[in-house]
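The task is simple: from the sequences and hints, build the whole structure.
Each residue of the sequence shown is one higher than the one before, starting from 1 at the first, in the UniProt record's numbering.
Calculated from the structure, these hints are not laboratory results. Bear in mind the structure is a predicted one, so any value in this text is a computation, not a measurement. Any given hint could be a false lead.
[Stated by the list, open to error] In silico DSS-like pairs for lysine-lysine, Cα to Cα no more than 27 Å straight-line: (1) Lys25 with Lys89; (2) Lys89 with Lys42; (3) Lys23 with Lys76; (4) Lys42 with Lys23; (5) Lys110 with Lys23; (6) Lys60 with Lys37; (7) Lys37 with Lys96; (8) Lys23 with Lys37; (9) Lys42 with Lys53; (10) Lys76 with Lys60; (11) Lys89 with Lys23; (12) Lys76 with Lys42; (13) Lys53 with Lys37; (14) Lys96 with Lys110; (15) Lys37 with Lys25; (16) Lys23 with Lys96; (17) Lys76 with Lys110; (18) Lys76 with Lys89; (19) Lys23 with Lys60; (20) Lys23 with Lys53; (21) Lys53 with Lys25; (22) Lys42 with Lys25; (23) Lys89 with Lys60; (24) Lys25 with Lys60; (25) Lys89 with Lys53; (26) Lys76 with Lys37; (27) Lys110 with Lys60; (28) Lys25 with Lys110; (29) Lys96 with Lys76; (30) Lys96 with Lys60.
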Amino acid sequence: MRKTLQNPENCAVVRTVGYIGNKWKPIILVRLLNGGKVRFGKLCVQMADISRKILSQQLKELEEDGLIIRHSYMEKPPRVEYELSELGKTLIPVLKAMYDWGNQIAPPEKQGIWDPVVK
1 MRKTLQNPEN CAVVRTVGYI GNKWKPIILV RLLNGGKVRF GKLCVQMADI SRKILSQQLK
61 ELEEDGLIIR HSYMEKPPRV EYELSELGKT LIPVLKAMYD WGNQIAPPEK QGIWDPVVK
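So, in structure tokens, the structure goes:
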């Protein structure tokens, strides 16, 4: 007979999904994989389907969780850039595995290559 966990919060998969398990967070993280800082406006252009409000909210949550670092410059106009933190960089193999699995189950005409943003 299979045993079940009394508290799903103790499950590592549930914990991981709590950090990156929504529609936009994995996409944001992949966009930050190039190793450099990315401006808010560039993320808006790269992710045209997300509203600025939701993007801001998701970035704030990722920052609070320690997965990204926000750099704010007091210039006119103000400039904000984001990059992966050291903790966020540990997600690269997880995101790559998600990509590989998704590509494996996709029909041939929908298969692609690992995101070209990654250099």
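(request) Check each numbered hint against the structure and report the violated ones by number, ascending. (result) 3, 17, 18, 27 and 29
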